[in-house]
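Enquirer: So you can see what is in the structure, the chains are spelled out below.
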Amino acid sequence: MLTFRGGVHPPEYKQATEHKPVETLPLPTRVSIPMSQHIGTPSKPVVAKGDVVRTGTLVGEPTGRVSVPTHASVSGTVADVVEQPHPLTAQKTVFVVIDSDGQDTPDEAIGEQDPAALSPEQLVAAIRDAGVVGMGGAAFPTFFKLSPPREKPINTLLINGCECEPFLTADHRVMLEQPAELVEGTGLLARALGVDDVIIGIENNKPDAIEALARAVAGTGIRVQGLKTKYPQGAEKQLIKACLFREVPSGGLPMDVGCVVQNVGTAVAVRDAVRFRRPLYERVTTVTGPGVCDPKNLRVRVGTPVSELIAACGGYNGEPAKLIMGGPMMGIAVPDDTVPVLKGTSGVLVLDPASAAELEDCDCIRCGRCIKVCPMGLAPQRLYYHIRSRRLDDAEREHVMGCIECGCCAFGCPAQIRLVHHFKYAKSEVFARRKKK
Amino acid sequence: MKLTVTASPHLRSGASVQRVMWAVVIALLPAFAGSVWFFGWRALMLVGLSIASAVGFDALSQRLFGRRVTVSDGSAVITGLLLAFNLPPGVPWWIPVVGSAFAVVIVKQFFGGLGHNFVNPALAARAFLMVSWPSHMTSLWLAPRGGTVSGLGLDAVTGATPLGVLKNAAELVGPTGDVPGLLAQAQSWPVIGKLFIGQVGGCLGETSALLLIAGGLFLILFHGIIDWRIPIGYIGTVLLLTLVLPGPKTYLLPYLLYHVFSGGLMLGAFFMATDYVTSPITGKGRWIFAVGCGVLTVVIRLWGGYPEGVSYSILLMNVATPLIDRFTRPRLFGALKKAKA
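Sequence lines, in order, name chains A and B.
Per numbering that gives the first Met the number 0, the first sequence starts with residue 0, numbered consecutively.
Per numbering that gives the first Met the number 0, the second sequence starts with residue 0, numbered consecutively.
Just so you know, the hints here were simulated from the structure itself, not pulled from any lab data.
Check before you lean on any hint, since a few could be wrong.
What the hints assert, rightly or not - From the derived model, a few chain B residues whose C-beta atoms are all more than 12 Å from chain A:
1) S12
2) V24
3) M44
4) L63
5) G89
6) G145
7) A168
8) P189
9) I225
10) I231
11) L239
12) L240
13) Y254
14) I280
15) V318
Unchecked claim - Okay, derived cross-link-like pairs now, SDA-like style, lysine to any residue, Cα gap no bigger than 25 Å in a straight line:
16) K371/A x V318/B
17) K1/B x P304/A
18) K43/A x R276/A
19) K48/A x V81/A
20) K423/A x L331/B
21) K371/A x E357/A
22) K283/B x E395/A
23) K283/B x G180/B
24) K1/B x P352/A
Stated by the list, open to error - One side of the interface only, derived from the structure: several residues of chain B facing chain A at Cβ under 10 Å:
25) T5
26) T69
27) V70
28) G284
Bear in mind that the values here come from a model prediction, so they are computed numbers and not experimental data.
For every residue, glycine included, the Cβ atom is placed at its ideal position computed from N, Cα and C.
The following block holds chain A by itself, in its conformation from the complex (with noise of 0.2 Å):
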């Protein structure tokens, strides 16, 4: 069974919603749409408060060479442009309020072409335009991972169905109720990089998926690949090397392996965009957890805040403890729950008091589990010593910036401590200080 080296098995907690199908969200009244929901620079809004806009009109341009449009995921009225602290990042961000007039009017621009038309340029155009971003969670602008330089050739892409994250089905579902579509998607990718290796990769626990795609792909030369279901399978360069053998070399990126890897959902955005000319407004996403009373997988507008998904599940079962954006080992939690839907969004988990808990943390014992399950071959306990002492230098030696965050180390951790939290504090440090020079 094909896997990586490292990683650890979290309860999978997929049952709650791995069955249902996905549900429709009814149109939110209001959306807050954050002109930063990529890696990159932020658009700029091109709208002003009172102009109407329709459901997928553009409302932010691209500043950079990283970054993508952004569009009203409803049609109404633009009830403010302001500054608020991202939801994520807590850094300050420009928000695109629009309140809905219910009619979920079309843009113009939206409506049907020929995707055989297109040349490769064109549809990675089209990618762009249509504000696709990666929908597995870390949100890279789409169109720039499909323009490789040239120096660093691409002869394989590898769709990443591994949904490792534990609680999380909405790439599941996605699999199951859209394989044409994401095929079709996976097709104009590979058509848009020039390749014929194509692979979609799904851990071996989610059978129906894998049977669901294998017929889907039937006649396209695309292969569907199951894997060991082990944490993070889904990681971009741990499913690289279980795939292809390949090992994307430390501090690099896959294209200097000759791979690019789309998320599934991200491969049903770009059909959307290519044939329909259809922005990315909208997502699946899992509302799960113990402090939800009824979890489901819901299609939901970007931008419509957290509290309306909540109540479409049936409201909390009790006082939530935690509010999680993302899965739980490495998704993000947010102070409340009117924060918005992102376009990496890939889940909602609510915690209740008990499974929030946290023992109290002690010194380390030194058992080495995390260095056993580090998936980057990293010693997290030396990094933590030398986060600890100050010594940056030493962390940013022993290769801190490799650590992908997937969260396997503090999971196994006996002593509780938190070495996610210490990594993300000296990458910063580290990356602020190359920046400097």
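Starting from the known structure of chain A, arrange chain B on it as the hints suggest.
Expert: This is chain B only, laid out in the frame that chain A set:
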């Protein structure tokens, strides 16, 4: 609504230091029960005193140093238990008390508490007791229930532990005695059987290979708490070296088993060399550590001044651990490719 905001991950495996420590205590219970069976109420008293004073001194020193009192984590219980297991059954009552104080106050808390001691506290305390009160620590052997100190039926050799017989056979039987006969008897199957079960003289908790192996396997198989590399590497090295190095090998197989089942090797290999804090942190490092322990043990046994070498070899390898860690880093993902590029 009051929400907690902390860094990921938000899911934990449930592993805790407490669980690890108490699992080790559970794994030591068979050998503890064995020691009480073999040596009677003295064993119970010595172990009880040792644990009580280790826990007491731990709590007391944590309070004095202004640290959080964490005795419920079970680590002091293990130290007390292991120290008692390393004492001859006939020692006076104050020995485990003084030993425990040295182990937890000086070796553990003076260096920063659990996780910061650079040598195993119980072994360091044993070494301290050995040099301070050598006669107490090397001669107060008692015959176990159903056995003799040496495991032999000879009156002449009572007072010497099995490895002592092997090492000092000539002195034990005197200038006119039958050395080959004694060695032959020592390496007979009934003696090996007694060694395996634990009906021989020795420190309280080290005599029964059977019960120690049972506890060690529990930790390896059911909880993955100790790394199998250390006991396998350690015992394997001792086996291999006793096989190839010269010795009074009257009968080869019994001789090998004799070395493996006696002298605290099982206790050391399963429960003391595997101490997380004082052994290397990577798999590779643990192999080196284990082989090093094995080599030192055999060297001390065959050529050193002591008949037994387990505790000193582990202590020496404890000291080498930071060095081993330094040269055995895990392989960085993507490292080789980078070198090529």
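Enquirer: If a hint holds in the structure, say so; if it doesn't, say that too.
Expert: Verification of the supplied hints:
Residue-level check failed: S12/B sits 5 Å from the nearest beta carbon of chain A, not beyond 12 Å. Listed as outside the interface, V24/B is consistent with that label: its C-beta sits roughly 15 Å from the nearest C-beta of chain A, beyond the 12 Å cut-off. Even its closest Cβ contact with chain A, about 30 Å, leaves M44/B beyond 12 Å, as expected for a residue assigned away from the interface. For L63/B, the requirement that its beta carbon stay farther than 12 Å from each beta carbon of chain A is met, with the minimum near 18 Å.
Once the 12 Å rule is applied to beta carbons, G89/B is consistent with being away from chain A; the minimum gap is 34 Å. Every beta carbon of chain A lies more than 12 Å from that of G145/B, the smallest distance being close to 39 Å; the non-interface claim holds. Chain A leaves A168/B outside its interface by the beta-carbon criterion, the shortest separation being 42 Å against a cut-off of 12 Å. At roughly 41 Å from the closest C-beta of chain A, the C-beta of P189/B stays outside 12 Å, upholding its exclusion from the interface.
Residue-level check failed: I225/B sits 10 Å from the nearest beta carbon of chain A, not beyond 12 Å. No beta-carbon of chain A comes within 12 Å of the beta-carbon of I231/B; the shortest separation is about 16 Å. L239/B, annotated as away from the interface, keeps every beta carbon of chain A farther than 12 Å; the closest lies near 25 Å. With a least CB separation of 27 Å from chain A, L240/B remains clear of the 12 Å interface cut-off, as annotated.
No beta-carbon of chain A is positioned within 12 Å of the beta-carbon of Y254/B; the least distance is around 35 Å. With a minimum CB-CB distance of about 4 Å to chain A, I280/B fails to clear the 12 Å threshold, and the non-interface call is violated. Remark: the non-interface label on V318/B is consistent with the geometry, its nearest Cβ contact in chain A lying 15 Å away (cut-off 12 Å). Straight-line distance between C-alpha atoms of K371/A and V318/B comes to about 23 Å, which keeps the hinted pair within the 25 Å bound.
A threshold of 25 Å between alpha carbons decides the hint, and for K1/B with P304/A the separation of about 17 Å falls inside it, so the pair holds. In summary, the hint linking K43/A to R276/A is supported, as the alpha carbons are separated by about 21 Å, within the 25 Å threshold. Among the hinted pairs, K48/A with V81/A is consistent with the structure: their alpha-carbon atoms are about 9 Å apart, no more than 25 Å. Taken as a hint, the K423/A and L331/B pair is honoured in the structure, with Cα atoms around 19 Å apart against an allowance of 25 Å.
Proximity of K371/A to E357/A is assessed by CA-CA distance (about 23 Å); at most 25 Å being required, the pair is judged to hold. For a cut-off of 25 Å, the pair hint linking K283/B to E395/A stands: about 23 Å separates their Cα positions. In summary, the hint linking K283/B to G180/B is not supported, as the alpha carbons are separated by about 44 Å, beyond the 25 Å threshold. For the suggested pair K1/B and P352/A, the alpha carbons sit about 11 Å apart, so the restraint of at most 25 Å is met.
For T5/B, the shortest C-beta to C-beta distance to chain A is roughly 6 Å, which falls under 10 Å, so the interface hint holds. The beta carbon of T69/B is positioned within 10 Å of a beta carbon in chain A (closest approach about 7 Å), and the interface hint is therefore held. Using the Cβ-Cβ criterion of 10 Å, the hint placing V70/B at the interface with chain A is not satisfied: the shortest such distance is roughly 12 Å. For G284/B, the suggested interface contact is upheld, since its CB lies about 9 Å from the closest CB of chain A, less than 10 Å.
Checked against the numbered hints given earlier, the structure breaks hints 1, 9, 14, 23 and 27 and satisfies all the rest.
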